[in-house]
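Participant: What follows is the residue order along each chain.
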Amino acid sequence: LAKTTQPISMDSYEGQEVNITCSHNNIATNDYITWYQQFPSQGPRFIIQGYKTKVTNEVASLFIPADRKSSTLSLPRVSLSDTAVYYCLVGELTGGGNKLTFGTGTQLKVEL
Amino acid sequence: DTGVSQDPRHKITKRGQNVTFRCDPISEHNRLYWYRQTLGQGPEFLTYFQNEAQLEKSRLLSDRFSAERPKGSFSTLEIQRTEQGDSAMYLCASSYLAGDYDEQYFGPGTRLTVT
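Taken in sequence, the protein lines are chains A and B.
Note that the numbering used here numbers the first sequence so that position 92 is 92, with each residue one more than the last.
Note that the numbering used here numbers the second sequence so that position 58 is 58, with each residue one more than the last.
Derived from the structure by calculation, the hints contain no laboratory data.
Some hints here could point you the wrong way.
[Said to hold, decoys possible] No farther apart than 30 Å at their CA atoms in a straight line, the calculated lysine-lysine pairs in the DSS-like style are these: (1) A:Lys52 - B:Lys57; (2) B:Lys57 - A:Lys69; (3) A:Lys3 - B:Lys57.
[What the hints assert, rightly or not] Residues of chain A placed beyond 10 Å of chain B at every Cβ, according to the derived structure: (4) Met10; (5) Asp11; (6) Gln16; (7) Val18; (8) Thr34; (9) Ser41; (10) Gln42; (11) Arg45; (12) Ser61; (13) Leu80; (14) Thr83; (15) Leu100; (16) Thr101; (17) Lys109; (18) Leu112.
[To be verified] If you want a taste of the chain B side facing chain A, the calculated C-beta under 7 Å gives, among others: (19) Gly72; (20) Gly85; (21) Leu91; (22) Asp102.
Where a beta carbon is used, it is the ideal one built from N, C-alpha and C, also for glycine.
Please take these sequences and the hints and turn them into a complete structure.
Facilitator: Structure representation (structure tokens):
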């Protein structure tokens, strides 16, 4: 079971780029990396998912080095509304829930 | 937009009572997950269904917890003989696994308080 380690918290200012790194040293061959965002009193919301190299969508980029032992979520030009908890999730897509583990997440605080 | 819905949103019960929660997933989604989340922690996997089949349960899940997904549509999660330690947010998520992509859509959760 791939265990993930993320910083507990990060602070940033509006307009800056934020990079949150997740360590997953024992990631398995079939594991994917997924990031979710969660606001208070709401369910998590999918941000991005990848297996290797770089993935980009309209809200974020995900950088995965060749050894896949870590990954970095990059949020360009954050705003106050990006203040939330960000979870890195590592697991098989087909293997089911016991292989999907949310860690304690990274609390991102964005200020003016 | 018919996202994932959960009912009730809040439930207060006394210790020892049984409670049942309902989740209505996005209609074309074949996978449905239940999670539990306590304050300051990430969601903890409880169980998941592919269509109507319950394929996996958390090894940590007590026998007091049971879930069903009749006909592969909505799902219910029942907790029997509730304990104070069951107080948490119960989240449901659904997804449609397609090849190498799986995005879970979460509902708003049911907050359970056991007194």
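Participant: Run every hint past the structure and note whether it holds.
Facilitator: Outcome of the hint check:
1. A:Lys52 - B:Lys57: Holds. Lysine 52 (chain A) to lysine 57 (chain B) sits at ~29 Å (cutoff 30 Å).
2. B:Lys57 - A:Lys69: holds (27 Å)
3. A:Lys3 - B:Lys57: holds (19 Å)
4. Met10: holds (16 Å)
5. Asp11: holds (18 Å)
6. Gln16: holds (25 Å)
7. Val18: Given that every Cβ of chain B is farther than 10 Å from that of valine 18 (chain A), nearest at about 19 Å, it holds.
8. Thr34: Check fails; 8 Å does not lie beyond 10 Å.
9. Ser41: violated (8 Å)
10. Gln42: It is violated; glutamine 42 (chain A) is separated from chain B by about 6 Å at its closest Cβ, not greater than 10 Å.
11. Arg45: violated (7 Å)
12. Ser61: Answer for serine 61 (chain A): holds, closest chain B Cβ roughly 17 Å.
13. Leu80: holds (22 Å)
14. Thr83: Threonine 83 (chain A) clear of chain B: closest Cβ-Cβ about 16 Å, beyond 10 Å.
15. Leu100: violated (6 Å)
16. Thr101: Answer for threonine 101 (chain A): violated, closest chain B Cβ roughly 7 Å.
17. Lys109: Holds, because the least Cβ-Cβ distance between lysine 109 (chain A) and chain B comes to about 15 Å, which exceeds 10 Å.
18. Leu112: Leucine 112 (chain A) is indeed farther than 10 Å from all Cβ atoms of chain B, at 26 Å.
19. Gly72: violated (16 Å)
20. Gly85: Hint violated; glycine 85 (chain B) Cβ to chain A Cβ min 19 Å, cut 7 Å.
21. Leu91: Where the cut-off is 7 Å and the nearest Cβ of chain A is about 5 Å from leucine 91 (chain B), the hint holds.
22. Asp102: At 4 Å from the nearest chain A Cβ, aspartate 102 (chain B) passes the 7 Å test, so the hint holds.
Hint compliance for this structure: hints 8, 9, 10, 11, 15, 16, 19 and 20 are broken, all remaining hints hold.
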